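J.: Protein sequence lines, in the order shown, are assigned to chains U and E.
So the first sequence is numbered by this note's numbering: it starts at 608 and just counts up by one.
So the second sequence is numbered by this note's numbering: it starts at 14 and just counts up by one.
Treat the hints as calculated values from the structure; they're not laboratory data.
Mixed in with the good hints there might be a few duds.
[As the list claims (entries may be wrong)] Quick list of in silico lysine-lysine cross-link-like pairs, DSSO-like style, CA-CA up to 27 Å:
1) U:K733 with E:K225
2) E:K133 with E:K147
3) E:K133 with U:K733
Just so it is clear, the structure is predicted and the values come from calculations on it, not from any experiment.
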Amino acid sequence: MHHVLLDRWSQGASPLHRRDARAKILTLLVFLVVLATTPANAVAVLMTYAGLLTAAILIAGLPLGSVLLRAMAVLPFSLTFGLISWLAGEPLRALALVEKSYLSTVAVLLLAGVTPLPLLLGGLEKLGTPRLLVLVAQFLYRYLFVLSEQAQHMRLAASCREGAGRRRRSNYRAATGALAVLFARSYERAEGIHRAMLARGFTGRFSLLHASRFGAGDGAFLLIISTFLILVRWG
Amino acid sequence: MTTPLIEVRDLHFQYEDGTRALEGVNFTLYPGETVALLGANGSGKTTFVLQLNGVLRGQGSITVCGLPLTNETLPQIRSKIGMVFQDSDEQLFMPTVLDDVAFGPLNQGVPEEEAIAKAKLALERAGLTQVWNKAPYHLSAGEKRRVALAGVLAMEPEILVLDEPTTFLDPPAERNLLHLLADLPQAKLIVTHNVRLAASLASRAVFFEKGKLVASGTVDEIARRFDWTYADLPPADLRYSAHRRF
């Protein structure tokens, strides 16, 4: 999943984009709990969740096919565990495992696709997520762009010196070497960033500017969707 | 006599791996001055400027705006010296441009509303009014450098330290940055290899060699004395030649 794409999706102006991040995070949490507790044989309920997610993706103006395709990234993992359940004689459970993990991934992608990361992290922090975790996520996201660019430059440089004969063994060695160099550069960059932070008076506590407010519309959004999900599951 | 903004006496610094980066450096910067720090790669220029706001700490004495550099005075000194780093990506670490530029004022204890106002003003001074809500990775190299400069200007420093400010910039972006820097009233220290940049901005230059500050004078004097110029290369040598063999 290329993070630039998520970044582009999150810049939209749909009703879902406009909701406060906290409302969306809490709704996702309700969805995940409801989904996790749905019995494996409740096919109609699972279909309703899928329908709800599809409607949300369309309302948000995100490309449905692209979201569904990218959510498949989770399948290699869930299929592995599904296969184990299947072999253990629980085919229904295996199917539910794959379905639930896929729907969860779609829901998470939807949240990331309708909420710019700074607001998402701000929302998580306001909901009580430890500041350190939020900071790590923030830095990781920010420097993914820089590191992926460096990795691409190194790959390009390696390709330029590859020559005509492609030997798998030497390519493998080059890739491991590049990975080590990338790690060392990341470390150096981390030191540089820390210096830049110190130079601007950083004393260990971040202050973020976020003007978003949890309004009545956000409360209504959370209440309506959560009630609907609970009714579908237990109603 | 005018009180110096920066006064460095007998500064020594050694990295953890044993590399002696600075040996007995003495330096003075006066109000309104712009000084270019010239010297080869690894001669100690960047190490020297990182000492000025205590990011690296060596032996010797450093006084900034009359304040001796100690743990107690560090916050004040870091407010007085604004440092723009060579790699803007290292300096722009916040999620949006506005967050990043407001980072310094917020660390100074400025209330949020005021920090936003200062950040917007600094961005305006840097010629960037349309990028407040952009993420830093969406900016061009020239814009990143300007945002990095705005982040420092928002702290209203008395001294600007710029480490290789024109690296990665194309000629128009370099020209714009030169104009911007020339208009800023602060005293400046510019670490650079670019003699043209030094000549256009600096009233004085100092030359670093193997961790020592070995000379001080006008940019022209220093450039000639240390052969820090392309002037002795005939134009033909600078042109691409299809016949040339390496």
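J.: Check the structure against each numbered hint from earlier and tell me which ones fail, lowest number first.
T.: 1
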